[in-house]
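Participant: Here is how the chains run, residue by residue.
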Amino acid sequence: MSEAFIKLDAVRKVYQARDEEIVAVSDVTMDIEQGEFVSLVGPSGCGKTTLLKILAGLHQQDGGTVSIGGGGVSFDPSRDVGMVFQAALLLKWRKIIDNVLLPAEILGLPMGEARERARDLLAMVGLDGFEEKYPYELSGGMQQRAAIARSLVHDPKLILMDEPFGALDALTRDKMNLELMRIWRESRKTIVFVTHSIPEAIFLGTRVAVLTARPARMADNFRVDLKMPRKLEVKTSGKFGRYALRIYRLLGLE
Amino acid sequence: MTTWMAEKSKHYGLIIAIHLLVVLIWYLFVEIWDVPAYVMPTPQATLAALTVDYNWLANTKVTAIEIFGGYFIAVFVGVGLALLFSWFRLLNTTLMPLVVSLNMIPKVAMGPLFIVWMSYGVIPNIIIAFSICFLPILLTTDRGLKEIEPDLVDLVRALKASRWQIFTKIQLPGSLPYIFSGMKVAVVLAVAGAIVGEFIASQEGLGYLMLQVQVTLDTAAMFMAVLLITLVGVALYLLVLALEHVFVIRDSRVQ
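So the sequences go chain by chain: A and B. With the numbering used here as the guide, the letters of the first sequence map in order to residues 223 to 476. With the numbering used here as the guide, the letters of the second sequence map in order to residues -5 to 249.
Because the hints were derived from the structure by calculation, they are not lab data. Any given hint could turn out to be false.
Stated by the list, open to error - Here are some chain A residues the structure puts well away from chain B; computed CB gaps all over 10 angstroms:
no.: 1; residue: GLY363
no.: 2; residue: ALA392
no.: 3; residue: GLY463
As the list claims (entries may be wrong) - Derived pair list, reagent style DSS-like, types lysine-lysine, alpha-carbon separation capped at 27 angstroms:
no.: 4; chain 1: B; residue 1: LYS154; chain 2: A; residue 2: LYS411
no.: 5; chain 1: B; residue 1: LYS4; chain 2: A; residue 2: LYS314
no.: 6; chain 1: A; residue 1: LYS314; chain 2: B; residue 2: LYS140
no.: 7; chain 1: B; residue 1: LYS154; chain 2: A; residue 2: LYS317
no.: 8; chain 1: B; residue 1: LYS154; chain 2: A; residue 2: LYS314
no.: 9; chain 1: B; residue 1: LYS163; chain 2: A; residue 2: LYS317
no.: 10; chain 1: A; residue 1: LYS397; chain 2: A; residue 2: LYS314
no.: 11; chain 1: A; residue 1: LYS355; chain 2: B; residue 2: LYS163
no.: 12; chain 1: B; residue 1: LYS178; chain 2: A; residue 2: LYS229
no.: 13; chain 1: A; residue 1: LYS411; chain 2: A; residue 2: LYS461
no.: 14; chain 1: B; residue 1: LYS55; chain 2: A; residue 2: LYS317
no.: 15; chain 1: B; residue 1: LYS178; chain 2: B; residue 2: LYS154
no.: 16; chain 1: A; residue 1: LYS411; chain 2: A; residue 2: LYS449
no.: 17; chain 1: B; residue 1: LYS2; chain 2: A; residue 2: LYS355
no.: 18; chain 1: A; residue 1: LYS453; chain 2: A; residue 2: LYS355
no.: 19; chain 1: A; residue 1: LYS314; chain 2: B; residue 2: LYS163
no.: 20; chain 1: A; residue 1: LYS411; chain 2: A; residue 2: LYS397
Every residue gets a Cβ at the ideal spot worked out from N, C-alpha and C, and that includes glycine.
Could you put together the complete structure from these sequences and hints?
Facilitator: See the structure below:
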């Protein structure tokens, strides 16, 4: 029997607020294969970020089980996670290359190799020649590219992205979607990607999980059967539209 | 000469010019209104006071040691306490209000008590300078540490970064712009603290010297003492600016 890389079973997380309990996440059951790109989509307050932090090992779930590492893929929770947030969160006192190297420094990896790898990654995300620049010299989209390179530098098996393109303008966002699709295919990482945008979730995901806010639960989880590599025109296809409608319905936006 | 160098020399030229202008106004003021020397000496007379044997060098050295000593202890204690407060919430909620109210005690009024407790000399003056200037450093460091994005800390915590790694790689460099703004405010307080200590009780230092020459109404020497105290303060301030220039990149400096 083949086992999934990540197995989530009835994961639940509750926050205590004054005298009432707020359910942030519930009923999250999902298998994620190694190399999958999973989009978590839903409105604000649906627990997407909480779920991501549980996967990162930053929060402990209150119920259910989370198991990462399976299907023949080992997983070391202390070094196999890379994270990208809505803000690039680059250290402004460090050059781009040194920002990318941060996880390698934290983990105490051999710096010579790491530096070489950081250079390759910067080239991969299209920041060739920006190694010695400071973050303020880069545009928002470029800073986010650097943040993606940083999430890959220690060669983690799982990349967690929390609305990484939420702060970018629509055109830059489309462009970054294409770039991320390419980066994911080149790096063959498992990516869990949180977004508000339904088209973005479908366009990038091999799988989409839909989370609703009230009640906070996982409402749907389906494979996206669109051919890879995807180009922007896929967004105009009937299939894409039907996926979008399916999600809109679940979120009560019909 | 490159344009950059031209810009720089113009900049420094202006700074020197404006200071010389003040000296000129001082000179003209004394000359035109014929101000008596015991009220206000001329710039030349003030400079001439250096030729009188008042142990200028030794006294300046003592005052400088008190100012720099108190100041740098305050930097370490201020940054250290802020860090401990950020690590241990209980410490923050219990001790921070205490530190703030203790700070409301006028340190100048505490001076005589310090003398009772520790006799007089360089050490009590260092402590007065320290106690008067450390709070702004504590407060700005505390603020700077709070400005660090929690997501950034999560990012390295997911990699099981140690507390020390988080401090040295993220918290300390991230709050440096704030620390330096507190350090700049603290310079003038450290100078005031050291001089107050010398006024209250001491046997050496520029503040002590001022009280000595006041008796003989040697106003020129008093002017010179004030000038030297100011110079020590300016030297400390320039040192802080230089450190900021080295450690804080231009974009993140708090203006």
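Participant: For every hint, state whether the structure bears it out.
Facilitator: Results for each hint:
no., hint, verdict
1, GLY363, "holds, 18 angstroms"
2, ALA392, "holds, 24 angstroms"
3, GLY463, "holds, 34 angstroms"
4, LYS154(B) to LYS411(A), "holds, 21 angstroms"
5, LYS4(B) to LYS314(A), "violated, 30 angstroms"
6, LYS314(A) to LYS140(B), "holds, 16 angstroms"
7, LYS154(B) to LYS317(A), "holds, 23 angstroms"
8, LYS154(B) to LYS314(A), "holds, 22 angstroms"
9, LYS163(B) to LYS317(A), "holds, 13 angstroms"
10, LYS397(A) to LYS314(A), "holds, 25 angstroms"
11, LYS355(A) to LYS163(B), "holds, 19 angstroms"
12, LYS178(B) to LYS229(A), "violated, 54 angstroms"
13, LYS411(A) to LYS461(A), "holds, 26 angstroms"
14, LYS55(B) to LYS317(A), "violated, 41 angstroms"
15, LYS178(B) to LYS154(B), "violated, 35 angstroms"
16, LYS411(A) to LYS449(A), "holds, 18 angstroms"
17, LYS2(B) to LYS355(A), "holds, 24 angstroms"
18, LYS453(A) to LYS355(A), "violated, 31 angstroms"
19, LYS314(A) to LYS163(B), "holds, 12 angstroms"
20, LYS411(A) to LYS397(A), "holds, 20 angstroms"
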